[in-house]
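Trainee: Residue numbers (our numbering), protein chains in the order written: chain Z, 1 to 102; chain H, 1 to 129.
The hints are simulated quantities; they were obtained by calculation from the structure and are not laboratory data.
All C-beta atoms in this analysis are idealised placements derived from N, C-alpha and C, irrespective of residue type, glycine included.
Just to be clear, a hint being listed does not mean it is correct.
[Unchecked claim] Distance ranges between label pairs, derived from CB positions:
hint, chain 1, residue 1, chain 2, residue 2, range
1, H, Phe42, Z, Asp84, 50 to 56 Å
2, Z, Asp78, H, Thr64, 44 to 50 Å
3, Z, Thr47, H, Ile99, 42 to 48 Å
4, H, Arg14, Z, Glu74, 41 to 47 Å
5, H, Asp95, Z, Lys49, 18 to 24 Å
6, H, Lys70, Z, Arg56, 28 to 34 Å
7, H, Glu80, Z, Gln42, 22 to 28 Å
8, H, Glu80, Z, Arg56, 47 to 53 Å
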Amino acid sequence: MALLHTVNKSPFERNALDSCLRHARKGSAILFIEDGVYALVQGAEYTDKVEQAASRFSLYALEPDLDARGIPPERLIDGVQLVDYHGFVELAVSHDRVQSWL
Amino acid sequence: MSTGGSSSEQNSKRFLCVNRRAPHGTIYALESLEVVLAATAFEQRVTVLFLDDGVFQLVKNQNTDALGVKNFSPTYKALEMYEVERVVVERESLDRRGISEDDLIIPVDVLAEDEISELFESHDILLNF
Numbered sequence: 001m002a003l004l005h006t007v008n009k010s011p012f013e014r015n016a017l018d019s020c021l022r023h024a025r026k027g028s029a030i031l032f033i034e035d036g037v038y039a040l041v042q043g044a045e046y047t048d049k050v051e052q053a054a055s056r057f058s059l060y061a062l063e064p065d066l067d068a069r070g071i072p073p074e075r076l077i078d079g080v081q082l083v084d085y086h087g088f089v090e091l092a093v094s095h096d097r098v099q100s101w102l
Numbered sequence: 001m002s003t004g005g006s007s008s009e010q011n012s013k014r015f016l017c018v019n020r021r022a023p024h025g026t027i028y029a030l031e032s033l034e035v036v037l038a039a040t041a042f043e044q045r046v047t048v049l050f051l052d053d054g055v056f057q058l059v060k061n062q063n064t065d066a067l068g069v070k071n072f073s074p075t076y077k078a079l080e081m082y083e084v085e086r087v088v089v090e091r092e093s094l095d096r097r098g099i100s101e102d103d104l105i106i107p108v109d110v111l112a113e114d115e116i117s118e119l120f121e122s123h124d125i126l127l128n129f
């Protein structure tokens with residue numbers, strides 16, 4: 001299996017997502033956690049970039065982090081799959097390694 | 001691996017230490033150095049990668065006297081002595097910051113973005129700072 005990338009910083013504050021997208025290879029999975037989930041909202045600066053990424057990568061978001069930030073699932077970019085903590089673990093073990101973009 | 005390999009070779013993994021922060025604003029750079037030196041002390045095979053603002057860690061002539069904090073940048077010169085296998089810097093990260101290889105405190109392998117992607121796949125353990 002390919003790599004699982006995690007992104008935990010807001011793209012408006014740090015370049016973790018930009019770096020991740022520059023280096024992730026097609027077919028990789030990207031899981032957005034903590035403030036990383038702010039990248040996934042429709043109608044914002046990163047919408048186009050993340051929508052393009054959805055065609056190359058499998059995108060996941062940690063639902064408790066969305067809930068904590070008041071982001072309802074319907075405001076998310078299409079193609080993002082929601083996972084709970086159990087799903088986070090499943091993703092981690094089903095990939096060879098995890099690259100954490102901090 | 002041949003059966004004649006030493007036990008330390010058999011137990012060693014390939015570590016990729018990814019540095020993406022400038023040196024003095026946070027503790028990440030110093031912590032990373034300590035982890036790298038510890039890993040090599042345990043005879044692990046370590047590649048140290050500098051990406052994004054991490055490339056600022058290797059800039060020559062850092063002087064922290066007036067800050068009253070330790071200038072740990074000379075420690076990078078010891079990486080070779082500690083048998084770090086490879087020090088890699090991303091070309092695009094240097095270019096975007098107006099830094100050339102001549103500005104760096106040690107010789108490094110400068111790789112392009114797509115070659116960096118390969119590193120994440122060819123190492124067993126990924127450590128991020």
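Trainee: Which of the numbered hints are not met once you compare them with the structure shown?
Mentor: Violated hints (numbers, rising): 1, 3, 6, 7, 8; every other hint is consistent with the structure.
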